[in-house]
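Engineer: Each chain, letter by letter, is given below.
There are 2 protein chains.
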Amino acid sequence: MSYAAPVKDMKFVIKELAGLNVINRLPGCEDATEETVDAILEENARFCGEVLAPLNWSGDVEHSVRNADGSVTTPKGFKEAFRQFGEGGWQGLHFPADYGGQGLPKLVATTGIEMINSANLSFALCPLLTTGAIEAITLNGSPELKAAYLPKMIEGSWTGTMNLTEPQAGSDLALVRSRAVPQGDGSYKVFGQKIFITYGEHDMTENIIHLVLARTPDAPEGVKGISLFVVPKFLLNADGTPGARNDARCVSIEHKLGIHASPTCVMAYGDNGGATGYLVGKENEGLKYMFVMMNAARFAVGLEGVAIADRAYQRALEYARERIQGRDLADGSGPVPIIRHPDIRRMLMLMKSQTEAMRALALVVAAAHDAAAHHPDAEERKRNQAFVDLMIPVVKGWSTETGIEVASLGVQIHGGMGFIEETGAAQYLRDARITTIYEGTTGIQANDLIGRKIAREGGATIKAVVGIMKQVEAALAKQPGEEFAAIHAGFARGVQALTEAATHIATRFAQDIKGVHVGAVPFLRLMGIVSGGWQMARAALVAQQKLAAAEGDARFYQAKITTARFYADHLLSQAPGLAATVVSGGAGALGIPEEAL
Amino acid sequence: MSYAAPVKDMKFVIKELAGLNVINRLPGCEDATEETVDAILEENARFCGEVLAPLNWSGDVEHSVRNADGSVTTPKGFKEAFRQFGEGGWQGLHFPADYGGQGLPKLVATTGIEMINSANLSFALCPLLTTGAIEAITLNGSPELKAAYLPKMIEGSWTGTMNLTEPQAGSDLALVRSRAVPQGDGSYKVFGQKIFITYGEHDMTENIIHLVLARTPDAPEGVKGISLFVVPKFLLNADGTPGARNDARCVSIEHKLGIHASPTCVMAYGDNGGATGYLVGKENEGLKYMFVMMNAARFAVGLEGVAIADRAYQRALEYARERIQGRDLADGSGPVPIIRHPDIRRMLMLMKSQTEAMRALALVVAAAHDAAAHHPDAEERKRNQAFVDLMIPVVKGWSTETGIEVASLGVQIHGGMGFIEETGAAQYLRDARITTIYEGTTGIQANDLIGRKIAREGGATIKAVVGIMKQVEAALAKQPGEEFAAIHAGFARGVQALTEAATHIATRFAQDIKGVHVGAVPFLRLMGIVSGGWQMARAALVAQQKLAAAEGDARFYQAKITTARFYADHLLSQAPGLAATVVSGGAGALGIPEEAL
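Line order of the protein sequences matches chains A and B. Under this note's numbering, the first residue of the first sequence carries the number 13, and numbering increases by one thereafter. Under this note's numbering, the first residue of the second sequence carries the number 13, and numbering increases by one thereafter.
No lab work stands behind these hints, which were simulated from the structure alone. It is possible that some hints are incorrect.
It does not matter which identical chain is used: a pair holds within one copy or between any two.
Derived SDA-like pairs (lysine to any residue); straight-line CA-CA distance at most 20 Å [claimed, not checked]:
1. K236 x N296
2. K300 x V478
3. K490 x V554
4. K158 x H272
5. K300 x E42
Please build the complete structure, drawing on both the sequences and the hints.
Structural biologist: Now the structure itself:
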């Protein structure tokens with residue numbers, strides 16, 4: 013169950029589609045030269061392939077285990093792997109140099125996030141949550157909080173968690189009940205139970221920094237009364253080292269469908285007098301801060317979809333080449349490797365084409381994130397931020413839904429062996445299944461997309477994006493040959509469908525709010541398919557230029573064009589039907605009285 | 013995690029869509045009066061809900077376990093439940109009275125198969141395989157074999173297995189290597205290893221009757237040299253009771269993604285001198301006999317898809333009514349039960365509408381099976397058999413693929429709780445995941461559909477079916493109102509798409525065999541969606557009549573019409589895109605050289 017990071021495709025995308033050489037001219041991004049980036053990709057690929065990937069299956073079998081004293085033991089090898097992860101500087105890749113980070117663009121860090129998730133999703137969750145906690149403190153913490161916590165977290169010596177959910181408050185944070193009582197010395201006592209806390213307890217590092225949402229005594233009701241606190245597992249001594257044990261404990265861990273190696277904790281705060289916490293930023297602004305963390309986390313979970321899809325593809329491809337079964341349909345020779353059978357090819361191409369499309373879209377969004385943060389021109393920053401905001405629910409929702417489908421295709425290609433756990437294909441499906449749920453379900457992503465990101469601004473940003481897509485459509489029309497004719501036809505239909513559906517949403521949102529929301533997820537899927545098709549079309553255009561100039565690896569570029577054509581015929585073909593559902597699907601979904609379902 | 017069989021919908025379908033009162037006028041089906049059928053449905057619903065359903069989750073947790081002596085212990089309660097299953101006559105419902113069966117039509121038995129699979133898929137596999145073994149012996153066995161084995165199997169005292177697969181021979185039975193050597197006394201010694209043998213060993217009954225594919229010494233190569241043998245676990249004494257232990261042993265059981273309670277065995281035949289077996293029918297005709305069993309088994313596995321979908325729907329609906337989270341989008345009230353949110357409604361309706369469509373199609377096919385077996389007119393028998401043959405891969409492939417999707421929607425509706433095993437929603441997904449693989453993968457069903465069932469006869473049967481669909485389309489066009497307008501529009505587009513795709517397959521099959529096969533699974537899905545839409549449209553037409561006549565439960569009938577409308581807008585909308593993929597998807601899928609994938 014080896015894993016070889018798709019370094020070649022990543023290099024192609026970051027250079028040719030995401031514009032590395034534009035990004036590394038932005039102020040603060042200058043270190044990301046082509047040479048540096050190539051070196052980072054190669055080294056990260058080695059680390060993920062050699063250190064993390066071998067622990068993926070063993071971690072699934074062993075699980076993280078909670079001991080009688082409340083401590084949690086992670087699977088064999090995780091602690092040492094996390095040490096190497098920290099020492100390699102991987103936790104700090106994207107963070108500013110002020111607190112020990114390497115200050116590289118998100119574009120570069122994003123390739124690393126895909127790799128680590130492909131290699132070992134359960135392991136990768138710890139850095140993912142730590143990144144969220146680092147961002148919350150970086151953006152909103154006092155200088156003292158930053159100095160106390162950031163260096164250790166960025167160097168990978170301490171990890172972080174995000175504590176939002178309570179039994180009665182999942183998607184709806186207005187229902188949060190945890191309390192935080194000021195102690196008059198600047199600290200608070202935190203009380204409450206949080207659930208679904210990933211790596212809430214573990215044995216990999218000497219401290220764990222919990223970021224906890226809670227209400228102060230005079231806070232208003234609902235989401236406007238939530239504050240954010242840092243609650244370390246061990247309080248810090250005067251010299252900054254971990255000291256007294258805080259009143260924050262893991263009281264149980266969940267028995268889950270997948271990601272078995274990552275402990276999902278029920279955390280109890282304040283059962284023995286109160287957990288000491290420190291306010292991040294201002295009181296009652298916790299939700300705003302959490303949203304910043306959540307946006308980064310949502311993007312990262314989208315990459316989990318890409319990552320699982322790639323890992324599942326690699327495994328299925330290997331099996332399809334080795335497994336001998338049946339005869340060649342055309343010439344009757346055989347028995348042949350099953351990759352020779354058309355339906356196996358179709359499934360492999362579904363896996364490959366969607367993985368490449370999702371990866372390309374995620375990296376293009378990452379580059380826009382860098383431009384939004386670093387571009388010298390304010391208009392450009394604003395334009396890029398609007399694109400990022402529009403696309404985050406798509407990267408999250410579409411990539412994770414597709415990741416599950418791709419992992420399931422991987423099981424299918426294995427036939428009966430796919431259902432046997434030791435094969436490993438089923439683990440990818442089990443692990444992937446959480447990704448459409450945590451950090452906001454697909455439904456929540458889709459509501460965010462059609463509400464905050466489209467209807468609220470009358471569809472301005474998506475119209476601009478469609479305008480750019482239409483330029484690509486025009487460029488496709490000029491290319492010769494059957495393959496580009498198919499790519500053009502598919503993409504043109506897709507853009508047309510997206511336009512119709514987006515117009516419906518922008519114009520009908522207020523009048524028929526429930527009916528329009530029935531179409532939210534179909535619209536998100538439509539937008540994902542068309543946005544992925546946009547990147548595949550761009551890739552095909554670049555490949556065509558390279559082939560015409562006889563530059564680089566002709567087989568790679570020819571495969572890109574054929575993959576884009578497959579994507580047009582098998583995925584973009586779904587676009588008109590999805591648009592039809594968005595436009596007319598409301599009444600049927602809502603027509604039956606609740607009690608008659 | 014209770015289960016209440018959908019008796020009301022089943023009664024509606026068997027009476028109004030599948031024509032119970034036509035079937036029970038056929039010779040040999042007269043016992044299936046409305047009163048009898050109603051009583052059977054009610055009693056079966058009680059048995060499945062009270063006895064089998066409570067063992068579903070506990071069985072998943074306990075697993076079947078292989079002991080050091082090679083015996084297998086099933087989960088607590090299974091043995092007693094199987095005894096009750098036999099005593100209730102449920103194993104013999106559909107078998108002729110000659111050997112102790114109840115001689116009821118397949119139409120009636122099919123409702124029972126859905127119920128038992130919903131209640132407990134792992135349990136249901138034992139009767140499913142036993143049914144296959146009974147059919148093989150009934151159709152092809154000598155009078156002596158029938159007399160020796162059928163009564164005990166039909167009364168539920170002994171179970172049966174099907175032994176096809178070997179490590180190198182999964183989908184491709186030409187590769188079977190197991191041997192059978194004639195002993196001169198009419199018996200054979202069987203040698204070989206078989207894998208994936210469901211209930212190959214267990215503790216529920218006093219004997220297990222294995223049906224085993226093997227080659228005799230002079231057999232030709234390939235599928236024309238395979239013979240079928242009965243190999244009982246215990247040889248029979250002169251009085252017919254189980255005697256000496258045969259040389260057939262379970263050497264290990266698999267660690268699987270789902271159906272944990274059902275032991276999936278590696279069986280070793282003849283490790284200690286040879287397992288005594290008895291030829292079924294003639295030498296070298298084993299594959300033909302197996303095909304008869306396989307067709308019945310494929311239909312039954314299709315019902316597993318329906319069954320899991322219904323169980324997942326019941327569970328998700330209950331959760332969606334109880335879980336309080338978020339505010340009503342229209343009036344801002346709340347927090348509200350999540351069933352109030354449009355995307356939850358959409359998911360519930362996807363579950364409900366597809367479950368009802370799959371059930372209706374399966375029961376209509378079951379009725380055609382009865383007509384094919386019992387109709388006095390030879391032409392009618394032939395016509396019905398052609399319809400059954402065409403539809404079996406659709407019922408199997410489409411219902412199982414959809415069953416997985418529906419089970420996954422069930423997980424999604426549960427949010428984070430869906431990923432926690434104790435919730436139970438994940439078990440349905442894990443259990444469902446095997447159904448698109450065993451008894452022939454979806455790819456194999458689809459190849460059978462486009463090859464043997466369409467191309468070979470130039471599309472004659474499917475053209476006839478489309479002709480019947482067009483009559484329904486015409487009837488829809490005459491109905492008033494917005495709902496029927498939507499149903500008509502969706503169904504008309506679906507029938508048009510099906511016609512285009514089927515014509516492409518029939519005309520291009522020989523010239524572009526691999527390209528056409530790329531479209532096999534998309535075509536199967538298209539045919540499933542349109543065939544399901546056909547039944548939903550028929551249901552809506554019946555419901556409209558009942559409403560006009562003020563007969564029966566108006567809320568039930570109104571819901572049928574709205575469900576058909578939802579199905580049109582959300583499922584039939586996919587038909588044109590699928591047809592486009594069937595027609596043009598070949599080249600892109602096959603264009604990349606194997607080694608460049």
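Engineer: If a hint holds in the structure, say so; if it doesn't, say that too.
Structural biologist: Hints and how they fare:
no.: 1; hint: K236 x N296; verdict: within (6 Å within a copy, 77 Å between copies)
no.: 2; hint: K300 x V478; verdict: neither (30 Å within a copy, 57 Å between copies)
no.: 3; hint: K490 x V554; verdict: within (13 Å within a copy, 53 Å between copies)
no.: 4; hint: K158 x H272; verdict: neither (32 Å within a copy, 50 Å between copies)
no.: 5; hint: K300 x E42; verdict: neither (31 Å within a copy, 71 Å between copies)
Checked against the numbered hints above, the structure violates hints 2, 4 and 5; every other hint is satisfied.
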